[in-house]
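Novice: Single-letter residue listing:
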Amino acid sequence: MSELLGFGVLQLKRLITAKKISAKEVFNYFLERIKKYDRQINGYVTVCNNNDGKLPIAVKDNFCTNGIRTTASSKVLDNFVPNYNAEVVDRLLTNGFSIIGKTNMDAWAHGSSTETSDYGATKNPWNLSHIPGGSSGGSAAVVSSYLAPAAIGSETAGSIRQPAGWCGVIGFKPTYGRVSRFGLIAMASSFDCPGPITLNTEDSAYLLSILAGKDNKDATTIDKPAEDYLSKLSDREPLTIGIPEEYFNEVQKETIDGFEKTKQVFKKLGYKFKKIKLISPEYAISVYTIIQRAEVASNLARFDGIRFGNNKSYFGFEAKKRIMLGNFVLSAGYYSAFYQQAQKLRDKIKADFVKVFHDVDLILAPVVPTTALKLGEFEKYPFFGELIDKFNEPAAIAGLPAVSFPTGLDKNNLPTSLQLIGNYLQELKLLQTLYAFEQETKFFNVIKSGFKKWK
Amino acid sequence: MEIEINNKTYRLVLGFEIHLELATKSKMFCRCPADWFGQKPNTLVCPICLGFPGCLPYPNEKAIEFTYKIALALNCKINSEFYFDRKHYFYPDLPKGYQITQWNRPIGYSGYLNLLSGKKIRITRVHLEEDTGKLIHRQGKTLVDYNRAGVPLVEIVTEPDFDNLEDAKEFLENLQLIFRKIRVSTANMEKGSMRLEPNMSLAEVKPDSSIDLPDYKVELKNINSFRFAKKAVEYEIKRQVELIKQGKLPDQETRGYNEDKGITVSQRKKEEALDYRYFPEPDIPVIRINKQDLAKIKAQIPELPIDLAKRLIKTYSLSKEKAVILAKKSNLAKLFETVLKRLKSSPAVKQKTAEKIANILINSRVKLNDPDEIIKLYTESIKPASYDKTKLATAVKQVIANNAQAATDYKRGKESAIMYLVGQCMRILKGQAPANKIKELLIKELNQAK
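Protein chains in written order, with numbering that gives the first Met the number 0: chain A, 0 to 454; chain B, 0 to 449.
No wet-lab data here; the hints were simulated from the structure. No experiment lies behind these values; they were computed from the predicted model shown. Just so it is clear, CB atoms sit at the ideal spot from N, CA and C, and this is done for glycine as well. Please note: incorrect hints may appear among the correct ones.
As the list claims (entries may be wrong) - Pairwise CB distance ranges, derived in the manner of DEER restraints:
no., chain 1, residue 1, chain 2, residue 2, range
1, A, LYS347, B, THR8, 53 to 61 angstroms
2, B, GLU80, A, ILE305, 52 to 60 angstroms
3, B, LEU273, A, TYR380, 28 to 36 angstroms
4, B, ARG341, A, LYS213, 22 to 30 angstroms
5, B, ASP214, A, LYS276, 38 to 46 angstroms
6, B, ARG182, A, LYS354, 46 to 54 angstroms
7, B, GLU158, A, LYS276, 37 to 45 angstroms
8, B, ASN6, A, LYS311, 53 to 61 angstroms
9, B, GLU158, A, SER335, 22 to 30 angstroms
10, A, TRP453, B, LYS39, 48 to 56 angstroms
11, A, GLU281, B, THR42, 52 to 60 angstroms
12, B, LEU134, A, GLU281, 21 to 29 angstroms
13, A, SER330, B, ARG121, 29 to 37 angstroms
For reference, chain A alone in the conformation it holds in the complex (with noise of 0.2 angstroms):
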């Protein structure tokens, strides 16, 4: 059945649907393929086995499945199986999934790497010694390698985009509120956005519309429904993009290149392209930093062991630190120095962007500085994921959609990628604009020659 191998969510559906194969099957394929494969990568932290004839996706292990363990990667929630769903677990089955494995992450998604799990690391499918990116580093691992036709990650700042970026798939993040977090673990409950993790763009536009949406039970999802991006994919109006010099500072080379490639791309297109001045990311650095922190130390609060889950002795390293410092920044004396500061950098980082947004309809810019690094790096720094990801904060600290995708591979062969930002509730265009790319140039080939190497 290796004739399956790349086949998107869509793509198995309709073979599935003129019955050319049935969903059992294709649910035993990836099972199968699980088996075989993940023992390497290390994408899963739980496999369920339970075939029950659906299409099957990938959840990262943040997401609530009732009845499934769900741990967030770390032992304080080594026995946790919760008797209820995440709002975006609940559409998926209402909307014929299955759900085939829960993926790895950092601990509680503290991390850009992948490494905080107390699952153990999982590993960039292109070249086990580097590191998928993270939090959602099992996410974009098991798509890039087909373990999974799709997957669901989760986004603080960078989680989707910058793991997708270098697993050389596409990782979309929503705008803040276009999708609920009910049952997500919450990191940072300000900027969390769940999204989906695709071998292409029909799919993103696909499981976009099935979870985007109000959500009675999160009060802080927007009042509009879901657009139907899958029909309207190909509709695409001339748009102008700008260029944040900004965000090509210190971009590795090969990251460049793409970068001029994929402007040529788009300008032969129809796209028009603008210079725009943004903040520095630089700030945007410790605005996250601050805030993040705060919100994580509140968040942990409830992982007493009483109701739920084991004590806190079972925290590792990496939340004991975010605990301390969110508490610091939060202590008397310390809240208008620290937290006030950055909330009002934060508001001008979104009015810096919103009058950006009156020049041009998108954002082009790098996702990550480097490609994906060697396995045990993050931990030369103390603030590695707030550092690497620093061209995917201003975004999310402002709540805006965006979107990463491959644009060609380094000279180690391992993904190069970009992103497009685009404004409040204008996932649509970022689809579009996406889909043309897409059909231009299959993404250069990238996304295919990923999961070739694991036929």
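Chain A is fixed; fit chain B onto it per the hints.
Specialist: Chain B in isolation, oriented as in the chain A frame:
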């Protein structure tokens, strides 16, 4: 209340923090039933109120409406745009490790409530939050019941405007009446739906009779009745007087009341005060209420007991004691006013009449709800020694003639119609004839006319 200590005069400075559980159907941030009292432990819980991973708060609109109602009833300034904050501390009965409350933008602030004497008690703030679970200590073990966790709770804070316990009692009882009257809470102290935390100190009175707030404040906790609140404050006054006598300034601290021993015990000193690390609750966006909705809520607030009592005193020259009792039970006050309007007694006898009617209403062992019945009781109570039979006969004839419908009703067998006619005769005779005689004569007349 002023106390002489070492040749100096001290005055009691007393304020209150009041917690009120709202009588909403469901809890504040989930849809579990809120009526927790007496239920089997941990049966009114869900992943949200238990603070399970990934669960989010979804605010209860009714609770928000009730809080606005309370703030408006207490003459507060209103924040028509507000948000919640997280208040952090660790305690096993607090599921999330923080309480969702309001810090910077309470729903109501700078309000007041007048006492009957006209003294104004200032309300600092009225805000909405969630209740915690309950710890049960049994056989050396501690158990947690989360049924109460997440029940909507309103906190009302007063300025330290009381200098005596009588005013405090009047204020608190009045507050309880208001909560019941505007139907936002059962305000039952024994069941914990209204809880008091007095805070107090003793301040030196200056020659011009003013005071400066002293450098300390003692907060009292664990109080579940007015009686215990009074006892706790009284004990504290004694304790603090003793310290001041010895030349010591009492410590700023939180003390718990031990009802068995009738004493207060230190729980937490100022140096041990918690840092709650407040910050705005990111899981709930800013909530706005528009002018129309606010006006609708305001329109639902009926005449409050204190205003009713004041009006009864003013309009009917009723004594303060009786006015307060009637105002507590607004249906009695309503009957009282109906009866007095019917009797329309001359101003000269007004006060006497009002007092007597009030007496009948207050002292009746059975539930009264028929004004005629009350008029009858009243007439009997004044028992005139003699009455003018001619006037009575004229009145009876006149009433039958003027109330043909009631007369017909009676003749057709509607016995109760007779009491109406009795009342009408009473009015004409200004109560100067016994009701039984009137009734007798009425029946005779009506039967003859058959």
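Novice: Hints first: check each against the structure and report whether it holds.
Specialist: Structure-based check of all given hints:
1. A:LYS347 with B:THR8: 53 to 61 angstroms: holds (56 angstroms)
2. B:GLU80 with A:ILE305: 52 to 60 angstroms: violated (36 angstroms)
3. B:LEU273 with A:TYR380: 28 to 36 angstroms: holds (34 angstroms)
4. B:ARG341 with A:LYS213: 22 to 30 angstroms: At 58 angstroms between Cβs, range violated.
5. B:ASP214 with A:LYS276: 38 to 46 angstroms: violated (55 angstroms)
6. B:ARG182 with A:LYS354: 46 to 54 angstroms: holds (50 angstroms)
7. B:GLU158 with A:LYS276: 37 to 45 angstroms: Once the Cβ atoms are compared, 52 angstroms apart, the range 37 to 45 angstroms for A:LYS276 and B:GLU158 is violated.
8. B:ASN6 with A:LYS311: 53 to 61 angstroms: holds (56 angstroms)
9. B:GLU158 with A:SER335: 22 to 30 angstroms: holds (26 angstroms)
10. A:TRP453 with B:LYS39: 48 to 56 angstroms: At 54 angstroms between Cβs, range holds.
11. A:GLU281 with B:THR42: 52 to 60 angstroms: This hint holds: roughly 53 angstroms between Cβ atoms.
12. B:LEU134 with A:GLU281: 21 to 29 angstroms: violated (48 angstroms)
13. A:SER330 with B:ARG121: 29 to 37 angstroms: holds (31 angstroms)
The structure is inconsistent with the numbered hints 2, 4, 5, 7, 12, although it conforms to all the rest.
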